[in-house]
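2 protein chains.
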Amino acid sequence: MTETWLLDGNRVAAAIKEDLAHRIQGLAARGIVPCLATILVGDDPSSATYVRMKGNMCRRLGMQSVRVDLPAETTTEELIAAIHKLNGDSQVHGILLQHPVPSHIDERAAFEAIRIDKDVDGVTTLGFAQNAFGFADYPSCTPAAIMAILDDYNIPIEGKHAVVIGRSPILGKPVSAMLLNRHATVTTCHSRTARLDEIVRLGDIVVAAVGKPRFVQGDWIKPGAVVIDAGYNEGNIGDVDYESCFPHAAAITPVPAGVGPVTIAILLKHTVEAAERQARSIR
Amino acid sequence: MTETWLLDGNRVAAAIKEDLAHRIQGLAARGIVPCLATILVGDDPSSATYVRMKGNMCRRLGMQSVRVDLPAETTTEELIAAIHKLNGDSQVHGILLQHPVPSHIDERAAFEAIRIDKDVDGVTTLGFAQNAFGFADYPSCTPAAIMAILDDYNIPIEGKHAVVIGRSPILGKPVSAMLLNRHATVTTCHSRTARLDEIVRLGDIVVAAVGKPRFVQGDWIKPGAVVIDAGYNEGNIGDVDYESCFPHAAAITPVPAGVGPVTIAILLKHTVEAAERQARSIR
Numbered sequence: 001m002t003e004t005w006l007l008d009g010n011r012v013a014a015a016i017k018e019d020l021a022h023r024i025q026g027l028a029a030r031g032i033v034p035c036l037a038t039i040l041v042g043d044d045p046s047s048a049t050y051v052r053m054k055g056n057m058c059r060r061l062g063m064q065s066v067r068v069d070l071p072a073e074t075t076t077e078e079l080i081a082a083i084h085k086l087n088g089d090s091q092v093h094g095i096l097l098q099h100p101v102p103s104h105i106d107e108r109a110a111f112e113a114i115r116i117d118k119d120v121d122g123v124t125t126l127g128f129a130q131n132a133f134g135f136a137d138y139p140s141c142t143p144a145a146i147m148a149i150l151d152d153y154n155i156p157i158e159g160k161h162a163v164v165i166g167r168s169p170i171l172g173k174p175v176s177a178m179l180l181n182r183h184a185t186v187t188t189c190h191s192r193t194a195r196l197d198e199i200v201r202l203g204d205i206v207v208a209a210v211g212k213p214r215f216v217q218g219d220w221i222k223p224g225a226v227v228i229d230a231g232y233n234e235g236n237i238g239d240v241d242y243e244s245c246f247p248h249a250a251a252i253t254p255v256p257a258g259v260g261p262v263t264i265a266i267l268l269k270h271t272v273e274a275a276e277r278q279a280r281s282i283r
Numbered sequence: 001m002t003e004t005w006l007l008d009g010n011r012v013a014a015a016i017k018e019d020l021a022h023r024i025q026g027l028a029a030r031g032i033v034p035c036l037a038t039i040l041v042g043d044d045p046s047s048a049t050y051v052r053m054k055g056n057m058c059r060r061l062g063m064q065s066v067r068v069d070l071p072a073e074t075t076t077e078e079l080i081a082a083i084h085k086l087n088g089d090s091q092v093h094g095i096l097l098q099h100p101v102p103s104h105i106d107e108r109a110a111f112e113a114i115r116i117d118k119d120v121d122g123v124t125t126l127g128f129a130q131n132a133f134g135f136a137d138y139p140s141c142t143p144a145a146i147m148a149i150l151d152d153y154n155i156p157i158e159g160k161h162a163v164v165i166g167r168s169p170i171l172g173k174p175v176s177a178m179l180l181n182r183h184a185t186v187t188t189c190h191s192r193t194a195r196l197d198e199i200v201r202l203g204d205i206v207v208a209a210v211g212k213p214r215f216v217q218g219d220w221i222k223p224g225a226v227v228i229d230a231g232y233n234e235g236n237i238g239d240v241d242y243e244s245c246f247p248h249a250a251a252i253t254p255v256p257a258g259v260g261p262v263t264i265a266i267l268l269k270h271t272v273e274a275a276e277r278q279a280r281s282i283r
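One line per chain: the protein sequences are A and B, in this order.
According to the UniProt record's numbering, the first sequence is numbered sequentially starting from 1.
According to the UniProt record's numbering, the second sequence is numbered sequentially starting from 1.
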């Protein structure tokens, strides 16, 4: 039996950040500091952790981060007003609204309020469609991170059968679109899929984006498949039952240190690109 | 062996148009005549036929149709200017740019120029994304026609495996999204799909949207599957090899008189709905 590759997200993220460090220096020489604004509504502890990690990573790379903390009782209108303020702030290059927002808020309306050229997380409908058509500046970060990992390890995509478990607007749907645009045959599964194990067993590439801890079982994995775990559940547990899947897979992402760190690196990359675009437009 | 259902597009279209006739009368009583503008660039004979059919159908139902014919050498800028003129014309409720336009024109840019509230053919990126998220006013007409046929015949979609052959922005991609939103497990195939016959054989519902005459073969069809032929090739030939598929299918759309007439009925329905929305907004 051949060895299973461990797809090391930390290594992929480090390579992206090394490239960014140079580009950030280039911008600094022109007096521009790429700035990511993160908006956190309420006090969900894991969301607060994610936002803090993103801010820390910005500072470590010499980028600026602006943090907007809003109380849990913020209305949709108030949230949109906060987004509009960031839209109009020329010092802010990217805007991230941490998902999920409290349930009384119309999250879709809030996402839509983000100006397309600052939508570095790819959450607007326009950003989604541009990604589905293959010409987005900023595809959703987790899907883009998955593609970056596959590409970094030279895993072939064209003509392969990719099975995506999950159909959320920021993960399952856009990663299905990106795999399709790279010429995979793509099956999208979800909670109402019948005989899920049989469907997953068709996959040369399996992407778990379902939000259920250790959901994907080893005997669902076709021997030699590539398994990507995009899940993040409480306690830093993925959607894939790593131990049972590992022996079947040709390659697999761990959790932690798989898709997660690459997602943050992609977010920063998009923010740097937004700053570079702004720099070009004011030259 | 049970009988194969013939999915009669003319019957489904007639039911839609009967409903529309009442609504058009209601609008007429208020002095509003729903109006579809069609733009044809160049002199492709089949495109001219489609545009003429749409115009005729409008008149037969008491709707207005405006036809804009532009020469084959029209530039992207000239085409967009023509679209902007229709955008600004309050008598025009829906705009259809006949696909395909001559290859020197940036078709995507032209589609994007159509105002979202007049995009009755669902061709803008925004309309595409709204459809993928399940809240489009006007999903692409052929995908919507396919869903209308399935619903008219009470064909269950939830939990079924739908295989879509084709991934164009106006057909394969949006119909995949619509089937997914109706809780099918959806596999999208295309020209680079390996072992296409095996993949198609997984489908409880097979949608052929590939643009190759009589492409889908009978032995690709799982016994009892529902086969939808969304192809229209020269000589009014579908993408499905009807004779070989018929014995395997539980239900099948013919060509002609399958998806085609329903597509036109949906286009008119969207135009009537656009007029109704305008009527409500000026009340």
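In short, the hints are calculated from the structure, not lab data.
Even glycine gets a Cβ: it sits at the ideal position worked out from N, Cα and C.
Don't take every hint at face value.
[Unchecked claim] Beyond 12 Å from chain A on every Cβ pair, some chain B residues (computed): (1) 23; (2) 130; (3) 135; (4) 167; (5) 187; (6) 215; (7) 223; (8) 224.
[Stated by the list, open to error] Coverage of chain A stretches by chain B, computed from C-beta distances (three or more under 8 Å per stretch; other residues unrestricted): (9) 29 to 38; (10) 150 to 163; (11) 205 to 212; (12) 231 to 237.
[To be verified] Listing some non-contacts, in silico: residues in chain B with all C-beta distances to chain A over 10 Å: (13) 158; (14) 169; (15) 180; (16) 185; (17) 188.
Structure-based check of all given hints:
no.: 1; hint: 23; in the structure: 28 Å, holds
no.: 2; hint: 130; in the structure: 6 Å, violated
no.: 3; hint: 135; in the structure: 8 Å, violated
no.: 4; hint: 167; in the structure: 6 Å, violated
no.: 5; hint: 187; in the structure: 4 Å, violated
no.: 6; hint: 215; in the structure: 16 Å, holds
no.: 7; hint: 223; in the structure: 17 Å, holds
no.: 8; hint: 224; in the structure: 15 Å, holds
no.: 9; hint: 29 to 38; in the structure: violated (count 0)
no.: 10; hint: 150 to 163; in the structure: holds (count 4)
no.: 11; hint: 205 to 212; in the structure: violated (count 0)
no.: 12; hint: 231 to 237; in the structure: violated (count 0)
no.: 13; hint: 158; in the structure: 6 Å, violated
no.: 14; hint: 169; in the structure: 6 Å, violated
no.: 15; hint: 180; in the structure: 6 Å, violated
no.: 16; hint: 185; in the structure: 4 Å, violated
no.: 17; hint: 188; in the structure: 5 Å, violated
When each numbered hint is compared with the structure, violations occur for hints 2, 3, 4, 5, 9, 11, 12, 13, 14, 15, 16 and 17.
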